[in-house]
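Chains as they are written, first to last, in our numbering: chain A, 1 to 333; chain B, 1001 to 1333; chain C, 2001 to 2324; chain D, 3001 to 3324.
The hints are simulated quantities; they were obtained by calculation from the structure and are not laboratory data.
Just so it is clear, the structure is predicted and the values come from calculations on it, not from any experiment.
Be aware that one or more of the hints could be misleading.
[Claimed, not checked] Residues from chain D that face chain B, not an exhaustive set, calculated with beta carbons under 7 Å: (1) 3030; (2) 3048; (3) 3049; (4) 3050; (5) 3051; (6) 3055; (7) 3057; (8) 3089; (9) 3150; (10) 3253; (11) 3302; (12) 3306.
[Unchecked claim] Under the rule of at most 25 Å between Cα atoms (straight-line distance), these lysine-lysine pairs were calculated in the DSS-like manner: (13) C/2179 / C/2313; (14) C/2039 / A/33; (15) D/3179 / D/3051; (16) D/3157 / D/3179; (17) B/1237 / B/1263; (18) C/2197 / C/2313; (19) D/3197 / D/3157; (20) B/1316 / D/3313; (21) A/219 / A/237; (22) A/165 / D/3051; (23) B/1165 / C/2157; (24) D/3051 / B/1033; (25) C/2179 / C/2251; (26) C/2042 / C/2157; (27) D/3313 / D/3197; (28) A/219 / A/165; (29) D/3039 / D/3051; (30) C/2313 / A/316.
Using N, Cα and C, we set each Cβ at its ideal position, and we do this for glycine too.
The lines below spell out each chain.
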Amino acid sequence: MNLTDEQLLDIYYWMRLTRAIDERITLLYNQGKILGAAFSERGHEAISVGAAGALEDDDIVAPMHRDLGAYLVRGLPAREIMAQHLGKVTGTSRGRDSNMHGLGDLSHGIIGFVSMLPASLPVTVGVGLSFWLRDEGRVAMTWFGDGATSTGKFHEGLNFAGVFKLPVVFICENNQYAYSTPTSRQFAIEDIADRAAGYGFPGIIVDGNDVLEVYEATKAAVDRARAGGGPTLIECKTMRMLGHAFHDNAEYVPDELLAEWEKKDPVAQYENALIEREVLTEERRQEIESRVRDTLEEAQAFAEESPMPDPADLEKGVYHEPGCYWEQQVNSD
Amino acid sequence: MNLTDEQLLDIYYWMRLTRAIDERITLLYNQGKILGAAFSERGHEAISVGAAGALEDDDIVAPMHRDLGAYLVRGLPAREIMAQHLGKVTGTSRGRDSNMHGLGDLSHGIIGFVSMLPASLPVTVGVGLSFWLRDEGRVAMTWFGDGATSTGKFHEGLNFAGVFKLPVVFICENNQYAYSTPTSRQFAIEDIADRAAGYGFPGIIVDGNDVLEVYEATKAAVDRARAGGGPTLIECKTMRMLGHAFHDNAEYVPDELLAEWEKKDPVAQYENALIEREVLTEERRQEIESRVRDTLEEAQAFAEESPMPDPADLEKGVYHEPGCYWEQQVNSD
Amino acid sequence: MPEITYLQAISDALWEEMERDENVFLLGEDIGAYGGAFKVTKGFQERFGPKRVLDMPMAESAIVGAAIGSALMGMRPVAEMQFADFISCAFDLLVNFAATNHYRWGSPVPIVVRAPAGGGLRAGPFHSQNPEAWFAHVPGLKVVAPATSYDAKGLLKAAIRDDNPVIYFENKYLYRHVKGEVPEDDYMVPIGIADVKREGNDLTVITYGAMVQESLAAAETLADEGVEVEVVDVRTLKPLDEETILNSARKTGKIAIVHEAYRSYGAGGELAALIYEDAFEWLDGPLVRVTAPDTPVPYSPTLEDAFRPNAEKIVEALRDLATY
Amino acid sequence: MPEITYLQAISDALWEEMERDENVFLLGEDIGAYGGAFKVTKGFQERFGPKRVLDMPMAESAIVGAAIGSALMGMRPVAEMQFADFISCAFDLLVNFAATNHYRWGSPVPIVVRAPAGGGLRAGPFHSQNPEAWFAHVPGLKVVAPATSYDAKGLLKAAIRDDNPVIYFENKYLYRHVKGEVPEDDYMVPIGIADVKREGNDLTVITYGAMVQESLAAAETLADEGVEVEVVDVRTLKPLDEETILNSARKTGKIAIVHEAYRSYGAGGELAALIYEDAFEWLDGPLVRVTAPDTPVPYSPTLEDAFRPNAEKIVEALRDLATY
Ligand SMILES: Cc1ncc(C[n+]2csc(CCOP(=O)(O)OP(=O)(O)O)c2C)c(N)n1
Ligand SMILES: Cc1ncc(C[n+]2csc(CCOP(=O)(O)OP(=O)(O)O)c2C)c(N)n1
Ligand SMILES: [Mg+2]
Ligand SMILES: [Mg+2]
């Protein structure tokens, strides 16, 4: 472990910010301010923050619907994410896509998410292909759930990445459920990491609630990929702490299971570890907490004050052409 | 090995018949009598015959485009297959589908083949599902190539069969090429059988040119499936001895590779083994050869004499309803 | 007759068919203990057991493959796509395997694929689509899209008893927004028969799915203005009830086609072609289409409201047509 | 100008675009050393190396995913489906990812998917399909279907330089059955512009792809009979050149729509709706469609000949229309 104290505190900041925004989104949903569906990443903070933190600026990520932390670490402004949830024109997708979908912005190296799970996976492999073709030394990373591993796209993507030894890191967030479906109904094996052997590259298992473990493992995989060593599959074991989306109260999850994992809360665990190691003083904690609060409140205020999209823009920007809707958006940023 | 001499000779008959019809199809294609494309299974006889031979009558098979032997073993008449190749109305698909496609006939427990590889695989798993749901003690089997293992359908099918422990046997015909693409471009591992571990069931490797080895391995897998033990993946190592289809002269295949595999010709090898074991006498050989010739010549004559489909029937039988085109066909059989 | 929601009608149809025929079973994601994303199959697993209400891995091609295979063995699978949008992940097996099998070698493939479609629920580009036109173009598939509780129940029963693959588009907006009377006795709505939901002599609206309600509301408004609008609910897109459509077209001569799907190359095109071909001499005015525009389904309410056709937009179009 | 085959025109367009822009690369099954199932890319790997002519595993979703991902990074992938029929295996990524990406978050996805389509070659139900209508219904995709060597080359170049996903339907029957003059200089045929392939005042045939040749042949026959047929080659199905189509419809008032795809819910429907909407007052007769029937593409010559539209069938339909 060769992270400096400041780096460790940085990670702490992102973990806290992720949790705070996630909780606020939960609140806004419960207040009826978020229409349609929305997702919580509670319990997944170590995976989204830890893995994204292992990348360089010009690497590319394709996070999924539980990776709020990854979007934040990559620099997507909290206000844009908040505005996105409220359907505002200032959201990343300008009100066109919802919640964690379509939060794409290549200026932050982020590919927007599509529902059809895991659509981002073969696309990320394509990103890795372009890095390999151009010999750029960049790395592509994508996240997906345990459920997504049952799909053809998972297989086609990993297989192809293996054949070409592409610089791609696959982060599987095994949170034990896909909607109401437990992993026992999703695959007949214990560890998804074992499948990597079938694609000719390493698969490893990490504690998905330990941000430093996630970070270390990912960093090693990223370094290997960058050096031409090919892909890695990292299975992060964790637990989905709320329902699939907010409308789902997850009655099907045994209480004991949640209680057990509540003890392993990734944010609290990390906080305690940093306090124990005397990296996180009470002063620093308060300072970070106030930065988190400021960002959060500013984001919400911005989102709430932002206008809804103008219906006159409905049909704009379906196709890309010079001067089109999206070029105007970029120029006005 | 507890096959009787008669059973061994039976297998020999099917191997010979398969080879003879395959050679005749090759000839007919070269004579311009077969329109469009057609495929040879030369070199695959041990796999199609050996695996199909391990099943009971009420089991179900879904062979692919190189499994002439499996169709024959299941009792699909050679004349129908020959007529199919000539586009005649007496072909299994009544001229609607071509060559090895659409040779389906549930009265022989055969599901017709669809090009989109391996479309038959998830369907066969569905057949296995119905056996499991009804607790019927039947087994479903499908064949597919090395190329087909790169597809999402391969993965979705095997995974689902694993989760439900369905009575399905998967026969992979690893003939080292998918069209012009060598396996090294298809997957980054040595043995496809290794992937079974990722689905929670056994994967085994057999010499695909040794019909008894194929038979034994398949029989064990079939017995296990029938007893509720779940699926097996059997990888049969072999070599495609001609081009992908007849139009392809396969320049991309090294001559030495073909020469090496020519020595392992499954039909000749088996013949020699039976002669050595004194199961196949010259008398029996001639008797079998003449049965093969009779069947072959009768099949070709039947096919050539059969009429083309009546264009007036073009739009009939798209949908199933009482008295429809296909019901009339069945009744006239 | 009891009044039930459109959702309940679907649920009841499934229940009764499962009671009637032990070959009928359900498969899909989260349909068992959870009862499905929309709770259509709530309580089914308790009644019918886990083998007749199968929770599947998240793999639409595996689901459709399983349906096809078991149907070939004589079962009557009803597969649920969690949202119609995900049917794109099982596209190949539906259009190439299920659709062609009977034509090619004579074995029927009696599967039903339930596809909860449609927008108006702020569900964004991937949970709001109306992909019926893709399937209606494919020989060998049947495609239905009921608009009322009565039709939802009757068409689903007919679909389950049909020997062919049927894609059953159920509209999510209607689930809880529509209630209607449904007979207590077993009944079916035959596949391939349209229904004149309202008679009128001045204009014809041809529509289906969620737009039937909107068109009926629009017809009310026009009636107040002295224009009698006939509303033809196609109900089945494939096979299409050409006669009912043409009769109405010939009667009024002025046609509006309304659907929730994207405009270009949508189902409206086929309906237009049919009328232009076979009712040409009776036509008194140009075709009017009221549809979604050619953009993905947007999330934000201001955008989705502009996107989705509704009674108001239909009224406007019909007024123009009436004065033509 | 040299005369080259339609196949050569496609091959030349690829070659020249690869010479012009190092971001252009090819990916597909068996396209490298083997040169592709139809030899369109024969010799390319020798010239451009294995990294610009990528032999892929047999996995269409991986191929399209790879194209999308690399396009997002600024490359210009041209993906080959070995046959258009297999595009069904990559359907989801095309209609949900590639098509919607720009609308949803502004990054263009400049991919070209080459889809060798069409029948007449005794290739059976799975190597003869014409699936253009599925894609033309999807906002965000562009769909082209050239009929001549000139258009094949010019449209492919335009597709490669377009910033949007383009599905390029090349007709396999035309590969070696059509030859035509092509300029030696770099040129493009703009996407979205139809072409009047023959002028005439009596009837209009609107068509594309392989049916352009058949329609032109039919027009010859009718000319001998004193009927002047205008043949409009749509060339681009999406976006559609409404003006050219409407101009011709208004000029002749009698319209036939011809395509090789299945009839119901085919592209012909949209063309019909457009005319019925916007040229209604000029119409002098009912629509006539000449298309394949609603059956899978059959293999046997007697069946396929009955299935596939051709000059003879078009002539018959046009004669009827002329005497209307
Ligand atoms: C192809 C596809 N099928 C179905 C769905 C509906 N769906 C949305 S999320 C989800 C569960 C996903 O589970 P998992 O991959 O484990 O991710 P998690 O939500 O648990 O983080 C399902 C079934 C989908 N999005 N995509
Ligand atoms: C999904 C799909 N993509 C492409 C093709 C075209 N194609 C036909 S056979 C073939 C190679 C198949 O190789 P393999 O699975 O190894 O079987 P083999 O022919 O070698 O026996 C290809 C690419 C196809 N049939 N299906
Ligand atoms: Mg999960
Ligand atoms: Mg092979």
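Quick rundown of the hints versus the structure:
This hint holds: residue 3030 of chain D has a C-beta 4 Å from the nearest C-beta of chain B, less than the 7 Å allowed. Annotation: residue 3048 of chain D was flagged as interfacial toward chain B, and the flag is violated, the nearest CB pair being 17 Å apart, outside 7 Å. Restraint check, residue 3049 of chain D versus chain B: the minimum CB separation of about 15 Å is more than 7 Å; hint violated. Nearest Cβ of chain B to the Cβ of residue 3050 of chain D: about 10 Å, over the 7 Å cut. The hint is violated.
Checking residue 3051 of chain D against chain B by beta carbon gives a least distance of about 13 Å; that is not within 7 Å, so the hint is violated. For residue 3055 of chain D, the interface hint holds, since its Cβ comes within 7 Å of a Cβ in chain B; the closest pair sits about 5 Å apart. At about 4 Å, the closest approach between the beta carbon of residue 3057 of chain D and any beta carbon in chain B falls short of 7 Å, and the interface hint on this residue holds. Interface hint status for residue 3089 of chain D: upheld, as the beta-carbon distance to the closest one in chain B is roughly 6 Å, under 7 Å.
The restraint placing residue 3150 of chain D at the interface with chain B is violated, with a minimum CB-CB distance near 29 Å, outside the 7 Å limit. For residue 3253 of chain D, the interface hint is violated, since its Cβ never comes within 7 Å of a Cβ in chain B; the closest pair sits about 31 Å apart. The closest approach between the C-beta of residue 3302 of chain D and any C-beta of chain B is roughly 4 Å, which is under the 7 Å cut-off, so the hint is satisfied. Satisfaction of the interface hint for residue 3306 of chain D is found here, the shortest Cβ-Cβ separation to chain B being roughly 4 Å, below the 7 Å cut-off.
Of the pairs offered as hints, the one joining residue 2179 of chain C and residue 2313 of chain C holds, with about 23 Å between alpha carbons and a cut-off of 25 Å not exceeded. Of the pairs offered as hints, the one joining residue 2039 of chain C and residue 33 of chain A holds, with about 24 Å between alpha carbons and a cut-off of 25 Å not exceeded. Our distance criterion of 25 Å between C-alpha atoms is broken by residue 3179 of chain D and residue 3051 of chain D, whose separation comes to about 31 Å. Using a Cα cut-off of 25 Å, the hinted pair residue 3157 of chain D and residue 3179 of chain D holds, with the two alpha carbons roughly 18 Å apart.
In summary, the hint linking residue 1237 of chain B to residue 1263 of chain B is supported, as the alpha carbons are separated by about 15 Å, within the 25 Å threshold. Taking the CA atoms of residue 2197 of chain C and residue 2313 of chain C, the gap is near 19 Å; set against the 25 Å cutoff, the hint holds. The hinted pair formed by residue 3197 of chain D and residue 3157 of chain D meets the criterion: a straight-line CA distance of about 20 Å does not exceed 25 Å. With a C-alpha separation of about 20 Å, the suggested pair residue 1316 of chain B and residue 3313 of chain D falls inside the 25 Å cut-off, and the hint holds.
In summary, the hint linking residue 219 of chain A to residue 237 of chain A is supported, as the alpha carbons are separated by about 17 Å, within the 25 Å threshold. Proximity of residue 165 of chain A to residue 3051 of chain D is assessed by CA-CA distance (about 13 Å); at most 25 Å being required, the pair is judged to hold. For the given pair, residue 1165 of chain B sits about 31 Å from residue 2157 of chain C by alpha-carbon distance, which is inconsistent with the 25 Å threshold. Restraint check: the Cα-Cα separation between residue 3051 of chain D and residue 1033 of chain B comes to about 40 Å, which exceeds 25 Å; the hinted pair is violated.
Taking the CA atoms of residue 2179 of chain C and residue 2251 of chain C, the gap is near 30 Å; set against the 25 Å cutoff, the hint is violated. Using a Cα cut-off of 25 Å, the hinted pair residue 2042 of chain C and residue 2157 of chain C holds, with the two alpha carbons roughly 18 Å apart. In summary, the hint linking residue 3313 of chain D to residue 3197 of chain D is supported, as the alpha carbons are separated by about 19 Å, within the 25 Å threshold. For the hint linking residue 219 of chain A to residue 165 of chain A, the alpha-carbon distance of about 17 Å falls within 25 Å, and the restraint holds.
Simply put, residue 3039 of chain D and residue 3051 of chain D have alpha-carbon atoms about 18 Å apart, close enough for the 25 Å limit, and the pair holds. Only pairs whose Cα atoms come within 25 Å are accepted, and residue 2313 of chain C paired with residue 316 of chain A is accepted, the gap being roughly 20 Å.
Of the numbered hints given earlier, the model fails hints 2, 3, 4, 5, 9, 10, 15, 23, 24, 25; all others are met.
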